[in-house]
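*Asks:* The lines below spell out each chain.
Number of protein chains: 2
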Amino acid sequence: MADYEQPQVDVPAMTALLDGSYVEVRDLTRKRLVEYASILTDQRDLDRGKFRERVKDVVVELAGTGQTGLGFPTEYGGGGDIGASVAAFETMAFGDLSVLVKVGVQFGLFGGAILQLGTKKHHDAYLKDLVSGQLLGCFAMTETGHGSNVQALGTVATYDVETHEFVITTPDDHSRKDYIGNAAAHARLAVVFAQLEIGGQSEGVHAFVVPIRDAKGKVLKDVRIEDDGRKIGLNGVDNGRIWFDGVRIPRENLLNRYADVTETGVYRSEIDNPDRRFFTMLGTLVQGRVCVGGASINASKVALSIATKYALGRRQFGNPGGPEELLLDYGLHQRRLLPLIARTYALHFAQEVLAGQLHAVFSATAEVDERTRRALESRAAGTKALGTWHGSRTIQECREACGGAGYLSANRFDALRADTDVFTTFEGDNHILLQLVAKGLLTDYSSEFSDLDQLGMVRFVAGMAVDTVVEKTSVHKLLERVKDILPGGDDWAQEAEIVDSEYQLAMFRWREEHMLAGVAKRLKAGMDAGMDPKEVFSRCQDHVIGSARAHVERLVLEAFVDKVRATPDGPNKSALYLLCDLYALSAIEADRGWWMEHGRLTSSRSKAISKEISELCRKLRPIAEDLVDAFGVPAEMQAAEMLAPGTVEGQRM
Amino acid sequence: MADYEQPQVDVPAMTALLDGSYVEVRDLTRKRLVEYASILTDQRDLDRGKFRERVKDVVVELAGTGQTGLGFPTEYGGGGDIGASVAAFETMAFGDLSVLVKVGVQFGLFGGAILQLGTKKHHDAYLKDLVSGQLLGCFAMTETGHGSNVQALGTVATYDVETHEFVITTPDDHSRKDYIGNAAAHARLAVVFAQLEIGGQSEGVHAFVVPIRDAKGKVLKDVRIEDDGRKIGLNGVDNGRIWFDGVRIPRENLLNRYADVTETGVYRSEIDNPDRRFFTMLGTLVQGRVCVGGASINASKVALSIATKYALGRRQFGNPGGPEELLLDYGLHQRRLLPLIARTYALHFAQEVLAGQLHAVFSATAEVDERTRRALESRAAGTKALGTWHGSRTIQECREACGGAGYLSANRFDALRADTDVFTTFEGDNHILLQLVAKGLLTDYSSEFSDLDQLGMVRFVAGMAVDTVVEKTSVHKLLERVKDILPGGDDWAQEAEIVDSEYQLAMFRWREEHMLAGVAKRLKAGMDAGMDPKEVFSRCQDHVIGSARAHVERLVLEAFVDKVRATPDGPNKSALYLLCDLYALSAIEADRGWWMEHGRLTSSRSKAISKEISELCRKLRPIAEDLVDAFGVPAEMQAAEMLAPGTVEGQRM
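Sequence lines, in order, name chains A and B.
FYI, in the UniProt record's numbering the residues of the first sequence are 1 to 653.
FYI, in the UniProt record's numbering the residues of the second sequence are 1 to 653.
Some hints could be false.
Intra- or inter-copy, both count: the list cannot distinguish identical chains.
Straight-line Cα separation of at most 30 Å, DSBU-like style, residue types lysine-lysine; simulated pairs [to be verified]: (1) Lys607 with Lys218; (2) Lys611 with Lys524; (3) Lys50 with Lys216; (4) Lys573 with Lys31; (5) Lys121 with Lys218; (6) Lys218 with Lys524.
Quick caveat, the hints were computed from the structure, so don't treat them as lab data.
All values derive from a computational prediction rather than experimental measurement.
For reference, chain A alone in the conformation it holds in the complex (with noise of 0.2 Å):
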């Protein structure tokens, strides 16, 4: 429960628990992106090509001090810690993206995938020197026709028994590989996902080290490379098209953690089931999704850093005679940022959560059985896709707050927004990943179909009782604990306190396990009924998407409470709480039609949670600058011209 004095802010204090387990890694990640600072105004004065440049040499500089290779074995050069290198990267958002794109394209993508899915002849062939920055490379998977679906990629790897040597080939422009970064301009080498075909079988698909460049940069032959030109933002990455043109490349150059084809053409996995095997080999790759939430949660923090200061130095209207009323002060600003702060540190401490299960599952010395993975990935998925929408409608909401100011490139909401807004729909389109969490908490991972085959679902849970669909869900055993701790049986709904997190925590609960259910129901129903399977998926698709949002919702709600009642007591805990509460109360407001519809909300408790976030904001109101500063966003990279000091904008009168 809420302490509800006037809230202080142990900023420092503040800051190393946000830091968590990585405060030296946070630390010198803040010190390197100050040395590169300039980057930030190069954005914007450099023409494309020339930013490309710069960015790729600041890349192979930071890979020279060991910044990106944290997550790589330390025989290749790496650091060894999962974790720190998550660390690393999420501290990266605070500075220019198109870096931190690049970083992740070379480091997480390309270097990830000779690491998840090579053996040790792909490791000692080329981690030392992509790990050091010295080989580039890019991860060809996406195609023009294919973005979601991966599955169904077109390109093809035909293996020519004669020689003993894969024929990759693009077969048609739909097949073509598209929005690759690092392939328009500096990658030698691409992991290129296709189909494997042997002796005419297809075995599904598979990944293989395809040369594209020659060392002095020339395109190979039968590789044909197109940039993709401008774009929203990043442009300092290199983003392009890759065709391939029956390019031969030796068997060896499979990566073959997980399937091999013989000298002789004889196809071999440990992994029995296709499905399987193509989702195992993409799971060993979520470390991709982990990082790109949490750049959009530290992406946040630099424009609420931003937004939040400017607010409390410009004035408007008010006080005839005197001077005008701070921004901050007016009460449709209050709601308009302090409840984006509060998000942000409720998805700050969820995503703490999931980099901690991605370490320990990536770090373990046994065996993970599957179901964990599957759970990993899912929190992945759902994570980043509410980390990223979060990313891009705080950014937006922030530039706006600063009116014409904002518009402004050098009061740096420009490049974070344009840089910030593909988030949503790479690394898997966030609609498409939270179909993939509703999957796994309706069919409780299981793993006996593709992870991306929404009719498999569909048929799958007609099949079973709504009533099993639901038991298997953890939900359900955290309903039971609603009713241990609430009084009152089922009159919780109205009686708890609602800044009481266990009121709020059974809110999220109930209504995860309702919509859950009632997706089973919808899904059951329609099979029944006798309809398409595809046309019974798409009614109830807003359904299943709005099922899994509530999942990761009350995640991210319990991840927040937890981190609360951990913090000892003092000025700290007391302000998270408050920022816990009107994180909790604003996510119901804002689907409190919902609750209502639900019989769980009733109008008047309705309209008193919309009155205490008005409370609770003007009690944050005081402490808003503390609160943004504690996000230790460095002050070179909220270099904001409207906030400079001796600038009009900046004066604090």
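Guided by the hints, dock chain B onto chain A, whose structure is given.
*Replies:* Structure of chain B alone, referenced to chain A:
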């Protein structure tokens, strides 16, 4: 009531319906857009300096054709038709938006100020050359420290009775003119808004014609200009900052339609109240807001045309073995795009009503009463707010609905979203504009105090009986109509058909009346409790803005319903009914929490509305392409690479 057969669209007839009274002007504008269509690629390919020059050249060329001068008197080379000039401007929003905004700056703001605030001597001196594009100017109102509160501008114009000159001075950096379009490179004249001082006495803000560059483009003595630098978008417009260091201009350069200074320094105005005088001056510039709202609505049409066609060409998942499903066959995708199409139609018709009222008021031969002018300004403010928010939201949703392809600049969304982004905060920040709307409603368009003085409004409302406030609003009368038309007395909210326009109108009207009355009560209660008016306003601010939004939404729905009812029976009328239902029900769904809180929506009815929305989306799905084609966006303006014939994404399989 909607006719629910499978709908069809007569596309040319629907376009004609949308084009309304200005078919010819809109057609001619479309042709001109196509003539300079290459600017869409120039926007991506040219550097900022060159693109600015290109944009300027296009603007001057358009001026030569008469395209941009339709609103000016014929004796100065104009077209003498305000309505036509709005139609032409709106239609230009299909094309490059830097061109549009530069046209707005030159002919709407600069030219509009000379025309509306000046007298014959100014018209004779400047209009002919500015209409022909030979004399470029800027509108120097906004200052770095004063965006929304323009009455508090810092620039001073002191009358020197010795030399019969005004001396224009920028007292501090807060008061530098900022974000001024045309200032950084092209303007020779500036209309400068400054505090008029005569003999130590301040007479409030007035507008003055101030030369800032010579004929060769050299900045004049005592004028300092700085480039605002790169912006999120609109980089073809040269925004800048201006400082004046005692710049002397002849007495005649005061734009003296509403106030004048005699040679001997006597101030004269027919409007005694200085607030009223200032807002009368500002009110003459209302056309700018009308134009920006219309432009946003039309920019949405471009985005929706592209995203809808993409969703009808792009396939994803489903159909094992066969072709994948079209994006638009997914329920979620329908839910993402179709309500936005419906709302675009709704806003289009609301904008048509507004433009018609603008034309009537500004073309009237007799004096128009002040209340009518105020109501027009309020409607312009509200429509601008809703139209520009809709534009930002729609374009963003369309970009995300096209995934990675949407992120490439060649697919149009980049420029569309970046260029329109500032529309929500320029020509009046949307929140400030909605406050103005609420104030008009709460004070029955009283002009006793400044339009933007919220504290004055608080005191005014607190001094009235709540019943009086509500009585004075036109909503009250509308509510009585509800009771006449819908059966069941107060049970209409439960008993009417949800697809009955009367039900939907009743819901919108009831919300507006209830919110306004609620705001009035809260303002009174706060003042009665002895609270500081600033605090009273701050606490009610979101409620104030919410009530204004409810008011404008009601106007939009009324405009749409009126239009549908006036449409001759036939397929288009049926299609419009479906769209109108979809718009109204989507708006109710979005705010369903509010209606449930206030006892006007049961939970079962709320669920029925959500179900009906999905049903309407499915019904509209087969005519989605016709509905966007009817917008009449020239193919060249939908020049998204991903839709080009022959490219993979454009193939209709």
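*Asks:* If a hint holds in the structure, say so; if it doesn't, say that too.
*Replies:* Do the hints match the structure? See the list:
1. In the homo-oligomer, the alpha carbons of Lys607 and Lys218 never lie at most 30 Å apart, since the shortest distance is 65 Å inside one protomer and 61 Å across protomers.
2. Taking the shortest alpha-carbon separations for Lys611 and Lys524, only the inter-copy value of 18 Å comes in at or below 30 Å, while the best intra-copy value is 40 Å.
3. Taking the closest pair of Cα atoms, Lys50 and Lys216 come within 30 Å of each other only inside a single copy of the chain (18 Å); across copies the shortest separation is 34 Å, beyond that limit.
4. With identical chains, the CA atoms of Lys573 and Lys31 are at most 30 Å apart within one copy only, with a shortest distance of 28 Å there and 64 Å across copies.
5. In this assembly of identical chains, the alpha carbons of Lys121 and Lys218 lie at most 30 Å apart only when taken from the same copy (26 Å versus 68 Å across copies).
6. For a Cα distance limit of 30 Å, the shortest separation of Lys218 from Lys524 qualifies neither inside one copy, at 56 Å, nor across copies, at 75 Å.
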